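Just so you know, the sequences run in chain order A and B. Everything in the first sequence is counted per the working numbering, starting at 9 for the first residue and increasing by one. Everything in the second sequence is counted per the working numbering, starting at 9 for the first residue and increasing by one.
Since the hints were made in silico from the structure, they are not lab data. Keep in mind it's a predicted model, so treat the numbers as computed, not measured. Where is the CB? At the ideal position from N, CA and C, for every residue including glycine. Incorrect hints may have been included.
With the C-beta cut set under 10 Å, the calculated list includes, among others, these residues of chain B facing chain A [claimed, not checked]: (1) Leu138; (2) Glu209; (3) Ser217; (4) Arg234; (5) Gly235; (6) His244; (7) Ile245; (8) Met253; (9) Phe274; (10) Leu297; (11) Arg301; (12) Ile303; (13) Glu316; (14) Ser332; (15) Trp335.
There are 2 protein chains.
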Amino acid sequence: MMLPTASKKETSAGAGWGRVETRSFQLPKPHRLRGGAVLAEPVVAYETYGKLSPGKDNAVLICHALSGDAHVAGFHAGEDKPGWWDRMIGPGRAFDTDRFFVVCSNVLGGCRGSTGPASLDPATGKPYGLKFPLVTIADMVDVQKRLIDFLGIKKLLAVAGGSMGGMQVLQWGVSYPESVAALIPIAAAARHTALQIAFNEVGRQAVMSDPDWRGGDYYGRKAPARGLALARMVGHITYLSEKSMERKFGRLRRRKANGRGFTEEFEVEGYLRFKGGHFVKRFDANTYLYLTRAIDHFDLSAERPLVEVFRALSRHRLLAIAFSSDWLYPPVQSKEIVKAAKLNGADVTYCEITADYGHDAFLLEDVEQSRVISRFLEVTYRKNT
Amino acid sequence: MMLPTASKKETSAGAGWGRVETRSFQLPKPHRLRGGAVLAEPVVAYETYGKLSPGKDNAVLICHALSGDAHVAGFHAGEDKPGWWDRMIGPGRAFDTDRFFVVCSNVLGGCRGSTGPASLDPATGKPYGLKFPLVTIADMVDVQKRLIDFLGIKKLLAVAGGSMGGMQVLQWGVSYPESVAALIPIAAAARHTALQIAFNEVGRQAVMSDPDWRGGDYYGRKAPARGLALARMVGHITYLSEKSMERKFGRLRRRKANGRGFTEEFEVEGYLRFKGGHFVKRFDANTYLYLTRAIDHFDLSAERPLVEVFRALSRHRLLAIAFSSDWLYPPVQSKEIVKAAKLNGADVTYCEITADYGHDAFLLEDVEQSRVISRFLEVTYRKNT
Chain A
9 MMLPTASKKE
19 TSAGAGWGRV
29 ETRSFQLPKP
39 HRLRGGAVLA
49 EPVVAYETYG
59 KLSPGKDNAV
69 LICHALSGDA
79 HVAGFHAGED
89 KPGWWDRMIG
99 PGRAFDTDRF
109 FVVCSNVLGG
119 CRGSTGPASL
129 DPATGKPYGL
139 KFPLVTIADM
149 VDVQKRLIDF
159 LGIKKLLAVA
169 GGSMGGMQVL
179 QWGVSYPESV
189 AALIPIAAAA
199 RHTALQIAFN
209 EVGRQAVMSD
219 PDWRGGDYYG
229 RKAPARGLAL
239 ARMVGHITYL
249 SEKSMERKFG
259 RLRRRKANGR
269 GFTEEFEVEG
279 YLRFKGGHFV
289 KRFDANTYLY
299 LTRAIDHFDL
309 SAERPLVEVF
319 RALSRHRLLA
329 IAFSSDWLYP
339 PVQSKEIVKA
349 AKLNGADVTY
359 CEITADYGHD
369 AFLLEDVEQS
379 RVISRFLEVT
389 YRKNT
Chain B
9 MMLPTASKKE
19 TSAGAGWGRV
29 ETRSFQLPKP
39 HRLRGGAVLA
49 EPVVAYETYG
59 KLSPGKDNAV
69 LICHALSGDA
79 HVAGFHAGED
89 KPGWWDRMIG
99 PGRAFDTDRF
109 FVVCSNVLGG
119 CRGSTGPASL
129 DPATGKPYGL
139 KFPLVTIADM
149 VDVQKRLIDF
159 LGIKKLLAVA
169 GGSMGGMQVL
179 QWGVSYPESV
189 AALIPIAAAA
199 RHTALQIAFN
209 EVGRQAVMSD
219 PDWRGGDYYG
229 RKAPARGLAL
239 ARMVGHITYL
249 SEKSMERKFG
259 RLRRRKANGR
269 GFTEEFEVEG
279 YLRFKGGHFV
289 KRFDANTYLY
299 LTRAIDHFDL
309 SAERPLVEVF
319 RALSRHRLLA
329 IAFSSDWLYP
339 PVQSKEIVKA
349 AKLNGADVTY
359 CEITADYGHD
369 AFLLEDVEQS
379 RVISRFLEVT
389 YRKNT
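Using the sequences and the hints, build the whole thing.
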């Protein structure tokens, strides 16, 4: 099959998608999690961009990171801020919507439309809170697979995502190798380390130390905003690099700083406070606990070496992208993925992009990422159709 | 003058100091801080080890880090845990108390015997709380100078310290170059960066987000223990290295972990919780705010290049020690100090020790540190007497 012709409005940077709506898919039957718990009526929020080809062979699934959601590109009605990876998705962009059918869904346990701890428990009619069962990356992927089935897609051309999204990408290769042709894990890891767990734990402790958290039972009351903001502040430090912080803030003082007391005096403090305060408006504190725990539990090599876990990937294509200044999920962790896939005969490409943004580079660097992903998808499409 | 003969009990590792008491020195007159505020009756807690020589030329001042105190070595009555740098101080040890007179004092603003926010304000008879004036590294050093004057020491043979202690060492060289012959900054920086400020800010926000903090006015009530513990947890992550955490904890589970919910499940989580909980028993939350702020304000090159700031060091000896895995105060910051001192003609030695402990290496690595410091002090003594 031929690739659809590129849109005439394509430019080097491509064009934005425009208006989009989040839709909901309710699983047709109760869903059993890997840990044994059953969710009676789980819902998945998702968005799609482009058209599914008649052969249904041009679908790409995007998996989001900790704080992301289904709104990966385009604009919601009445909003002037596009989706979280808008620069990568649209006509002529890396995930070219003139060629590919792009799907993104909010993860299970999330708080942006998919069932999570803030959802109503059908058994009680009240929000789950901590009664919501623990979810794993594998559970998130299982639910995505139901959505993909519902959309009539037998085999995804590719699954792509950064950070926690990259973990889902790898899990797709392990859970459903027959249902995906190519994997694009970005700034990812096959196994969460002690340092990574430690940062997540501090974030959780910040949430749970907030008296407003009330054991997770705060819905309808004041949310644990200070604790969640604090967790986000810690997270933000780990998403940046020393170099980017130094260049962006250095020791710059805030204009209104009086130099006394313990209010924000340095620009970097104001930035962290702003980021923390902004986050709590759109994110649920319990979801923060559940998703960070899912990340901490992620360890593909827990029971056997990664090379054995990836055994089914012998005919897959894999593009691992890492960023030079990412110290939270450093390139060495991407190289472990690359090695294990390569040893199984997979068609592997590794691309380490030099960027100063730290871990956040997967969201911010779009020039080289676009080129390498665009080319990778083109070849993948040609080889698989 | 000859070096005092080494003690017969000297071994390769040297011997411990034994019993020691913390003493108090009250400044004979009101003390004006650099910012203009006046403290009426400031007190400095200090300890000494060894004997001041008749020529008073064998005195070494040790400066402590954020969570340290005057109790650098030996044992307090009834306690079985020695001072925080005991392995480095004693007969035959790096700071050989058979040869040198070692002094260590709790910093101004501290909570371990020196005047700080938990002290009684003579004007009101109540604890200062946030009425305590902001202190700087230079203020800490000014008060140390008063103590050294009181002890009858005209010129220190050396000033040594790690982390915040290393900043005090550098400040000694800038504030009182005539009163010190040699400087030993360890895992130090001449200027706090955006990343370093950011981590401190998260710690402060953790303290101030605790409702028990009450604007700093919690004395006689419940202390903001959860916030301070959280701050310490963040700090501890930055004191370790990824490698040391991976080797020490990896993904080990706690024996009692049930794998459900959000209690400590991983060993690294239990460790952080323990460290946080332990810290609040001995440390004042307001002091945490004041000292981290003093550190953030530290920037020797704020007004002119470091090489100009160090102009008076042309005849000094300087030993800068850094640790390979220290990502909080990385070796590059020590090299900046080395370069600026060297350009002024100072007799500079730089020693980067390969150790996996991260920033905490300055407290934990004693084999190579001992050798390089011991030798440096010996030569310094020979050249200065």
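A quick look at each hint next to the structure:
no.	hint	verdict
1	Leu138	holds, 7 Å
2	Glu209	holds, 5 Å
3	Ser217	holds, 4 Å
4	Arg234	holds, 4 Å
5	Gly235	holds, 7 Å
6	His244	holds, 8 Å
7	Ile245	holds, 5 Å
8	Met253	holds, 4 Å
9	Phe274	holds, 5 Å
10	Leu297	holds, 5 Å
11	Arg301	holds, 7 Å
12	Ile303	violated, 12 Å
13	Glu316	violated, 18 Å
14	Ser332	violated, 15 Å
15	Trp335	holds, 8 Å
Going through the hint list in order, the structure does not satisfy hints 12, 13 and 14.
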